[in-house]
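Asks: Residues per chain, in single letters:
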Amino acid sequence: MTFINYAAREINCKIVYYGPGLGGKTTNIQWIHEKTRPDSKGKLISLATETDRTLFFDFLPIELGTIRGFRTRFHLYTVPGQVFYDASRKLILKGVDGVVFVADSQEMRRDANVESVENLKTNLRDNGYDLATLPYVLQLNKRDLPAALPVKRLVTDLRIQNEPTLEAVAPKGVGVFDTLKAIIRLVLNDLRRR
Amino acid sequence: MARTNLVILEQDYEHFVAMLEQLRTDANARFVFLMDRNGQHIAGVGDLASVDPTALASLAAGSVAATEGLAGLVGEQAFTTLFHEGRSDSLHLSTVADKAILLVSFDERSSLGLVRLRVQQSTPPLAEIVTEVVRRSDAPRAEGLTVTPLGDLTDADIDRLFG
Numbered sequence: 003m004t005f006i007n008y009a010a011r012e013i014n015c016k017i018v019y020y021g022p023g024l025g026g027k028t029t030n031i032q033w034i035h036e037k038t039r040p041d042s043k044g045k046l047i048s049l050a051t052e053t054d055r056t057l058f059f060d061f062l063p064i065e066l067g068t069i070r071g072f073r074t075r076f077h078l079y080t081v082p083g084q085v086f087y088d089a090s091r092k093l094i095l096k097g098v099d100g101v102v103f104v105a106d107s108q109e110m111r112r113d114a115n116v117e118s119v120e121n122l123k124t125n126l127r128d129n130g131y132d133l134a135t136l137p138y139v140l141q142l143n144k145r146d147l148p149a150a151l152p153v154k155r156l157v158t159d160l161r162i163q164n165e166p167t168l169e170a171v172a173p174k175g176v177g178v179f180d181t182l183k184a185i186i187r188l189v190l191n192d193l194r195r196r
Numbered sequence: 009m010a011r012t013n014l015v016i017l018e019q020d021y022e023h024f025v026a027m028l029e030q031l032r033t034d035a036n037a038r039f040v041f042l043m044d045r046n047g048q049h050i051a052g053v054g055d056l057a058s059v060d061p062t063a064l065a066s067l068a069a070g071s072v073a074a075t076e077g078l079a080g081l082v083g084e085q086a087f088t089t090l091f092h093e094g095r096s097d098s099l100h101l102s103t104v105a106d107k108a109i110l111l112v113s114f115d116e117r118s119s120l121g122l123v124r125l126r127v128q129q130s131t132p133p134l135a136e137i138v139t140e141v142v143r144r145s146d147a148p149r150a151e152g153l154t155v156t157p158l159g160d161l162t163d164a165d166i167d168r169l170f171g
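First to last, the sequence lines map onto chains R and V.
Take the first sequence: its letter number 31 is residue 33 in the numbering used here, and every next letter is one higher.
Take the second sequence: its letter number 14 is residue 22 in the numbering used here, and every next letter is one higher.
Simulated from the structure, these hints should not be mistaken for lab results.
Treat the hints with care, since some could be wrong.
What the hints assert, rightly or not - The calculated DSS-like cross-link candidates involving lysine-lysine, where the alpha carbons are at most 30 Å apart (straight line), are: (1) R:45 x R:96; (2) V:107 x R:92; (3) R:45 x R:183; (4) R:183 x R:123; (5) R:174 x R:154; (6) R:123 x R:92; (7) R:183 x R:43; (8) R:37 x V:107; (9) R:37 x R:96; (10) R:123 x R:154; (11) R:123 x V:107; (12) R:43 x R:96; (13) R:45 x V:107; (14) V:107 x R:96; (15) R:45 x R:154.
As the structure is a computational prediction, the values presented were derived from the model and not from experiment.
Just need the whole structure built from these sequences, with the hints factored in.
Replies: Here you go:
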């Protein structure tokens, strides 16, 4: 649910990074936080366990600039990837305007990726959304690892329809901003049509 | 399900601010905040200099959502009020018309009883406006409301955002 505030001249959109545990969702957000100008970002909030695994969510607000006199702000959230935090994942998807699925390219995480996409579909459906019509981007992360599967294989496994698909190495920033731009472009185009 | 926007007009904002200011005065609170259930900050009044409104709204909404999840697990429909007690500052959170969250921050100059009473008194008129905002946002065309200021957005506009 995009929040349009005519009093503050602001448009606020919610983007959720989804995917299996240890796939690099938090690393994406941390890179964006690190490389975004201080005046264009808010505080990075991470609700994590003692071992730095996401417990509830990470949250980073960023501001891109002004369109038609309205400041465009994007609230970036991650979900906890671990299977048993499903209730939290469902809560975080409420009011979402766009989803980035961060897949782990390693062969040993193939099942986890597929399971997570299915989980995303279910949780979106439970919140009244349809992945086929929601702005959605697929990121293939960890492309630098030796055990990374070929892109073609991952696409066959994970691609829903013709969503933009980007390769990434999140700790080095490769593909991180390209992914963010892709989802923002889809969200704004979707907003234009509504 | 068609996805909708939540649209706050200037007159809504002015109404909210006036009501929140009245509540802040009556409850002797530090600051009072209104946000939507998805964590979007709508309006706030009071001593806000040391507060990050975006972060506050996001965390408060997360807290309310998690508590509602808990309510469901024990067979309750909802826990409509939350109270976080600190050494000097406390937070009182409550839902408004099931669509928004009202947050009151107060210290030793007030009390939980007073805050609860004033929140109960303030909620019905706030709920009326929240309900109206949601109704209008759900059927913007019927209300003659511009659905989005981005209706004529071009690809070039989007490109410019990314420098």
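Asks: Compare the structure with each hint and give your call.
Replies: Right, here's what the structure says about each hint:
1. R:45 x R:96: holds, 21 Å
2. V:107 x R:92: holds, 18 Å
3. R:45 x R:183: holds, 20 Å
4. R:183 x R:123: holds, 23 Å
5. R:174 x R:154: holds, 23 Å
6. R:123 x R:92: holds, 11 Å
7. R:183 x R:43: holds, 15 Å
8. R:37 x V:107: violated, 35 Å
9. R:37 x R:96: holds, 28 Å
10. R:123 x R:154: holds, 22 Å
11. R:123 x V:107: Distance ~25 Å between residue 123 of chain R and residue 107 of chain V Cα, so the pair holds.
12. R:43 x R:96: holds, 22 Å
13. R:45 x V:107: holds, 25 Å
14. V:107 x R:96: holds, 12 Å
15. R:45 x R:154: With Cα atoms ~37 Å apart, residue 45 of chain R and residue 154 of chain R exceed 30 Å; violated.
Checked against the numbered hints listed earlier, the structure breaks hints 8, 15; every other hint is satisfied.
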